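Engineer: Given the sequences, and given the hints that come with them, work out the whole structure.
Chains A and B supply the protein sequences, listed in that same order. Heads up: the first sequence is residues 1 to 456, going by our numbering. Heads up: the second sequence is residues 1 to 456, going by our numbering.
No lab work stands behind these hints: they were computed from the structure.
Any copy, or any two copies together, can satisfy a pair, since identical chains are not distinguished.
Result set (DSBU-like, lysine-lysine): computed pairs, CA atoms no more than 30 angstroms apart in a straight line:
id	residue 1	residue 2
1	Lys-355	Lys-280
2	Lys-280	Lys-348
3	Lys-158	Lys-168
4	Lys-355	Lys-341
5	Lys-40	Lys-168
6	Lys-407	Lys-158
7	Lys-20	Lys-40
Small disclaimer: the values here were computed from a predicted structure and weren't measured.
Protein chains: 2
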Amino acid sequence: MDKALAYTEAHFDRFVDELKDFLRIPSVSTDSKRAGDVRKAAEWLAVHMRALGVEKVDIMETAGHPIVYGEHLVDPAASTILVYGHYDVQPPEPLELWTSDPFDPQVRDGNLYARGSCDDKGQLFMHVKAAEAWFQTEGRPPLNVKYIFEGEEEIGSKHLPGFLREHKELLAADVAVVSDTALFGSGVPSITYGLRGLAYVEVTLQGPAIDLHSGVYGGAVHNPINALARMISDLHDENHRVTIEGFYDNVIPLTPEERETFASLPFDGESWVREVGASKSKTETGYSPLEGTTARPTLDCNGIWGGFTGEGAKTVLPAKASAKISCRLVPGQTPEEITAKLEAHFRKHTPDTMKLTFTDLHGGHGALTPTDSPAMQAASDAMEAVYHQKPYMVRSGGSIPIVADFKRILGQDTVLMGFGLDSDAIHSPNEKFGLDRFRAGIDSVIRFMGLYARTR
Amino acid sequence: MDKALAYTEAHFDRFVDELKDFLRIPSVSTDSKRAGDVRKAAEWLAVHMRALGVEKVDIMETAGHPIVYGEHLVDPAASTILVYGHYDVQPPEPLELWTSDPFDPQVRDGNLYARGSCDDKGQLFMHVKAAEAWFQTEGRPPLNVKYIFEGEEEIGSKHLPGFLREHKELLAADVAVVSDTALFGSGVPSITYGLRGLAYVEVTLQGPAIDLHSGVYGGAVHNPINALARMISDLHDENHRVTIEGFYDNVIPLTPEERETFASLPFDGESWVREVGASKSKTETGYSPLEGTTARPTLDCNGIWGGFTGEGAKTVLPAKASAKISCRLVPGQTPEEITAKLEAHFRKHTPDTMKLTFTDLHGGHGALTPTDSPAMQAASDAMEAVYHQKPYMVRSGGSIPIVADFKRILGQDTVLMGFGLDSDAIHSPNEKFGLDRFRAGIDSVIRFMGLYARTR
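Structural biologist: Following this line, the structure appears as structure tokens:
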């Protein structure tokens, strides 16, 4: 283990250069015009892994973007880990807000700026480089490793559940390991044991068949933007609770013990939201910002558009207006349930002057994993050795639907060792990843592999 | 007069070809990148008018787009008309909904399709061609004519009031004549005696400083789209009345006689809104669609945007959301008053989690003109001769702020002889102008000039 750590120290600058090469490929999975770039990223990754010495590396096709599968088995009696990551990235828009090109990685103040630097190419690459350190110093990893790197995480991992079902034996392992979450704070290690789910839909209201002159028709024809604004407004009550019928029915309430733990964490919710420029927090009445973002379900509009949005003043009464709306779900809720309730709500409340189009864009299950397994302990010890501080066990507000799928389909719990920061702007302009965290991540993974190997 | 009408009959096909040339110039005044094209349209028009024999034609500069001024004085004792039109056009977007290119005029089924064909290049050009008919047959028009054609109507005629104030003597006339309104129906002539005013603003709500991940921050940071939707929703009550404080304070109510006249017009409001694809009307409770669109003030969102609006599902909690909002005003209300009340309302109701940006984009006064003047009678007789039916005296829901300015600054009433149809899609894709109406308009203007000349 020490040799592998020393190897990383010696070769770290090259690791950063290689990550930059990886980040230059604009593998934006939401954009169908970028499909070629998504594949290019998969191919780059496969070539790179083969070069390290991973014995079996395949680009496996799905009905969408391909999966890069790698495997290196050292001993049938040893433990096996299944490392998951995704090589696709969020769209970079709005481009004008980036200080440097999202696909031309730049280091400033010790941070590597590029789309995907943190989410998730950088974190995925920590595992690849940890394996290299083991290969180069011990000739092989200390346990059996399997890698599954997908290209559709940012579009809901559409084809991954089917892939897991189809390849259960190939993917058999003792535990899954995912680095796609954040540290509790800068220099404050944490391991995530809870994730929220997601239900993401798009709605369109259409009134007239064509855009109309607002002077000629205003006052007689119902305006779809005004109608949609009312429908969206009505989705929250005065306590900022979601008004969709049955929305909270299956929510597993926080226990008093959990609420005490939340309250004891070194976390100031008001400072945290002020760091991103918000003047104050806005939560469901009765819950703290930390509870609101990690343990309570929410509803947010992710986008809205309609009518004239250019320069100047066009007096149009538009034919239609649309919004993207998503709910973060907590254990107990399922995306199928909430999407159905969202649709029922919209169908029931669409005014009789409007036609509704409702599209289910994607969904994912939340997850809660036990904190006392050997793998979780090894992860905790590994991070403690790197950070000289025992990691907090926390819940994350984000969604990694695949974690629920690993449990449901493969029977595997997941260790979520993440090295991002909430301020990394992972879905915003100027996404970044601290090089210190890239380094700490590689060291933590090397140690985790070594420590977990010893538990059998 | 008969000779001028016969000349039009003989040369009409050429008139249409010339109008097509005029329409090919994409004089979109809302788009600052098109400023060169706007000027090109002014120059084309000036060259064309000089060629007809109009004795004085000048391109007069403003701080924005230029004004084309023309004048031909035949006799100090004769009546003088001031013809107003605008050579700028609405933006053509969304382009994909046009059957043919908006700036490549095409005739289909007797209609000329192009941006500006009806609003207002086509209607402006009727006056130019009527003058040509008089020049070519009688050597001069039957009365003194002045022409003022502006390039900023679609951006609120910003520099026109100042121009009127600066050139009061130059523009002195007995009456203003404007063709920028619609017929009451296909084949049903009308003269407009009332116009609504306009107050047009843009609002932006900003919450966090940057776009955020909706999983990480959703539940603690207030979403600007949701907040804006609520503010827009709250602008109407359950009777579809505008809730802005004092909004109706200065509205001059419809008299029982006016309401009787409205009810007696051959107009089926429900059929009219179904013609444009709306399933049914939506009016302020207690008012008919005709009253709602012409004699009652309204509020409409003309555009809304925020967050991710591309393909797929980006889980963003956006930094800001914006909307364009406009009110149609009725006599008694002023744009200054209503813009101030809108701003006060938005400032008062902006949640403490949001920063508001409020921009006054433009405004215009409404107008009511007497129906019994010699000019109105001449216009009525002219249209009756062309249509074999007495024109209805009606109010229009649209806004031509310049009509109020002609009265306030120049002391002139305006005759609104319009030949559009509500179905001409003047602010929508596939704008058109019926060639029969282009012809009837030229004939009506020729007759109006002849008849009005005889009244002195």
